[in-house]
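K.L.:
Produce the entire structure from the sequences given, and follow the hints as far as they go.
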Amino acid sequence: MAMVIDWNDFDSHQRSGVAEALDAAGVDACPDPQPAPPTPVAPVDVDATAVAAGLGLDPARVPAMVADRRIATLCERGTGEDAGLFRFTFYYAGQRFRLVTDADGRPMPPG
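Under our numbering, think of the first position of the sequence shown as 944, with each following residue one higher.
In short, the hints are calculated from the structure, not lab data. Treat the hints with caution; some may be incorrect.
DEER-style ranges, computed between Cβ atoms [said to hold, decoys possible]:
| # | residue 1 | residue 2 | range |
| --- | --- | --- | --- |
| 1 | Thr1022 | Asp1001 | 30 to 38 Å |
| 2 | Gly1023 | Thr992 | 27 to 35 Å |
| 3 | Pro1050 | Thr1022 | 18 to 26 Å |
Backbone N, C-alpha and C define an ideal beta-carbon position, used for all residues, glycine too.
P.N.:
Set out below in structure tokens:
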């Protein structure tokens, strides 16, 4: 079961606990006062089953929970030797689940 995730969702950063978690991870979640034009990035299909397993949820519920932002998302695009990879972080009920994928949404092995 796949779901489409936009590569960055600044609205989700406003959810309780997300800003603190991003700060602790050293992620700047605030847009620049004068941001550069965004580089177009196609949405990535992510396996809802993997996200459900990581958060202990029913896979059938995950796409709707992401869509209505009950599950907050952050996606980081790799650069340098990580170019072409995406790191998705999903936040739900005080939990955090991370998933690294290629540009087609296929999970990469840990490491």
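K.L.:
If a hint holds in the structure, say so; if it does not, say that too.
P.N.:
Cross-check of the supplied hints:
1. Thr1022 <-> Asp1001: 30 to 38 Å: About 35 Å separates the Cβ atoms of Thr1022 and Asp1001, which means 30 to 38 Å holds.
2. Gly1023 <-> Thr992: 27 to 35 Å: Holds: the Cβ-Cβ distance is about 30 Å, inside 27 to 35 Å.
3. Pro1050 <-> Thr1022: 18 to 26 Å: With a Cβ separation near 20 Å, Pro1050 and Thr1022 satisfy 18 to 26 Å, so the hint holds.
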